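Visitor: In the order they appear, the protein sequences are chains A and B.
Going by my numbering, the residue at position 53 of the first sequence is 1240; the numbering climbs one at a time, nothing skipped.
Going by my numbering, the residue at position 152 of the second sequence is 157; the numbering climbs one at a time, nothing skipped.
No wet-lab data here; the hints were simulated from the structure.
All values reported here derive from a predicted model rather than from experimental measurement.
Please note that a few of the clues may not be correct.
Claimed, not checked - Which stretches of chain B does chain A cover? Using the computed rule of at least three CB atoms under 8 Å from a CB of chain A, they are:
id	region
1	60 to 67
2	158 to 170
3	184 to 197
As the list claims (entries may be wrong) - Here are a few chain A residues that sit away from chain B, every Cβ distance over 12 Å (derived from the structure):
id	residue
4	T1189
5	A1221
6	D1222
7	R1230
8	E1237
9	A1246
10	T1247
11	I1261
12	P1271
As the list claims (entries may be wrong) - What follows is a set of in silico ranges between Cβ atoms, one per label pair, in the way DEER data are often shown:
id	chain 1	residue 1	chain 2	residue 2	range
13	A	V1220	B	G211	26 to 34 Å
14	A	S1224	B	R138	42 to 50 Å
15	B	A136	A	L1234	29 to 37 Å
Quick reminder that beta carbons are idealized off the backbone N, C-alpha and C, glycines included.
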Amino acid sequence: MTAYRFAVAVMPKEGILDPQGRAVEQSLPHLHVADVSGVRVGRRVELTVEAPDPLAARATVERLAGEVFSNPIIEAWTIEALAPEGRP
Amino acid sequence: MRVGVVVFPGSNCDRDALHAARLAGAESELLWHETPDLGGADLVVLPGGFAYGDYLRAGVLARFSPIMGAVRDHAARGGLVLGICNGFQVLAEAGLVPGALLRNASLRFEHRWVRLSVERRDTPFTSAIPAGRELRLPVAHGEGNYFLPDHELDVLEARDRVLFRYAPPEGNPNGSARDIAGVLDAGGRVCGLMPHPERAAEAILGSDDGLLVFRSLVESAAAATSARAAAVVA
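Looking at chain B on its own, in the form it has when it is part of the complex (with noise of 0.2 Å):
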């Protein structure tokens, strides 16, 4: 599997993102946001840091980089896509995946450990994670209250597009509507997540488990081309 990281001027976990990618056995590689061409990546990467200096708003500015238009496509043609913290904020500003991200309810920076309950393993973002296990991840954001209006936050749980959400004991925090740190797009392949899980991706930094993330991916990747390659044979 190849994996292509974007590097946004200001993005700061991107070499964090290709080593968690490298560490779950994919190729990966940086992708320059002036450059429109993802390299032949199966699974394109967001990462965290502060795009053009959150200027404006998060996200916003980064929405508009050369690269944006061939992520667009890639999502369009139902390729992985996974936007991580300020990655998460330029995917919904770019309207590729539900919601907003406000300031945070308490006013600040939170840079913490949390607790995620995975909401769904039938996907390519969480198929690794084994039955009943939450992740333990960092957060590092003054912008990650997700916030959709009521009755699109029902719409958003019938479909099960809502992937994580904080849990207890350390819970939500950020004031996030319905306790949500991931949300999916209406394919279920590009997927939001605030926590970081390329900042967990070894024991030595205090937890791995966000290395099951990416160990997720690079399977159904893997699944995806040897079910490709039956089906040429076939």
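So here's chain A without its partners, still in its complex pose (with noise of 0.2 Å):
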């Protein structure tokens, strides 16, 4: 067994609101900051899994994004591979 370290980003779903990524964009002219909009707010869980494999690994991943990690009704999520605990 080996084990892989993973990220996955979960995100609101086009279209649906996002009142944290509205509520960040709306306080950004208190910072005077300007010409930013487009501001989403999301999630990011790492993990690391053990398994005989990379693609057993990723199946173990992909399986907790969907049912865990993000409400498929609402959330999006995406897979990234990471280096092994430890190493740069």
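With the hints in hand, could you dock these two chains into one complex?
Guide: Structure below.
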């Protein structure tokens, strides 16, 4: 078994109200930052999976991304493979 | 009728629900979420609160508690389930009622009295509510903004599965699509409801309209039991 490390990014789907993104965007003028739009706030989950090979590890992460980390009605996810923990 | 009120770590309306069920004439008990057994309950209540601290998303971690398998089986057999507030979020995350509950459009925790129109009275959750009567109940939530894609909302409405809507003058407190405050599953035996009937079960609390929901459930269960007994005799 090998340890594989992943990051899962979960974002509100297109067209879904993102009140956090809207709040961040509306506060930017207070920082005197202009010309910023389309702010969306999501979530990032990092995890290590022990598996015989990278495909099996990714299958576990895909299952968790779809069933736990995101709600498919309102959120979409993407998976990124990371370097193993402790290595750059 | 036996009512089981599930206690998740972080539930905080469990005792209120227990009390309201008893006021309506039911035997009721608390069910710890780690025990995958409903103790013979006819109605399972998933109460309000902040199960698992609302971590990750409100309701999602509670969905994996051991008792939820028993709740799912109970629902599949046509058993009654009422999810209130956080309990509605748990039911939605578990896929036992349709939809998702987003952050309130106001971005604020909304804690106030609302008025509900009752869309159907031929359900176990609403049968004791007099015709034309609206319910005055409190809401207290940060994520109660009901969402489903438009075409799925059309289907939900066409199948009469919207049970409660926010009504004027107080109106919609959280931005919910089509003012939806409560929905039914396909079989009409599982209800998710954002406002708190158990917090408005005695006049001294400002309203006892919530008791009508619990009375409906108790009376429906009694009617079902006597119908079964009559069938056995026949």
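Visitor: Decide, hint by hint, whether the structure agrees.
Guide: Status of each hint after checking the structure:
{"no.": "1", "hint": "60 to 67", "result": "holds (count 3)"}
{"no.": "2", "hint": "158 to 170", "result": "violated (count 0)"}
{"no.": "3", "hint": "184 to 197", "result": "violated (count 0)"}
{"no.": "4", "hint": "T1189", "result": "holds (27 Å)"}
{"no.": "5", "hint": "A1221", "result": "holds (22 Å)"}
{"no.": "6", "hint": "D1222", "result": "holds (24 Å)"}
{"no.": "7", "hint": "R1230", "result": "violated (8 Å)"}
{"no.": "8", "hint": "E1237", "result": "holds (20 Å)"}
{"no.": "9", "hint": "A1246", "result": "holds (19 Å)"}
{"no.": "10", "hint": "T1247", "result": "holds (16 Å)"}
{"no.": "11", "hint": "I1261", "result": "violated (5 Å)"}
{"no.": "12", "hint": "P1271", "result": "holds (25 Å)"}
{"no.": "13", "hint": "A:V1220 with B:G211: 26 to 34 Å", "result": "violated (45 Å)"}
{"no.": "14", "hint": "A:S1224 with B:R138: 42 to 50 Å", "result": "holds (47 Å)"}
{"no.": "15", "hint": "B:A136 with A:L1234: 29 to 37 Å", "result": "violated (54 Å)"}
This entry does not satisfy hints 2, 3, 7, 11, 13, 15, going by the numbered hints stated previously.
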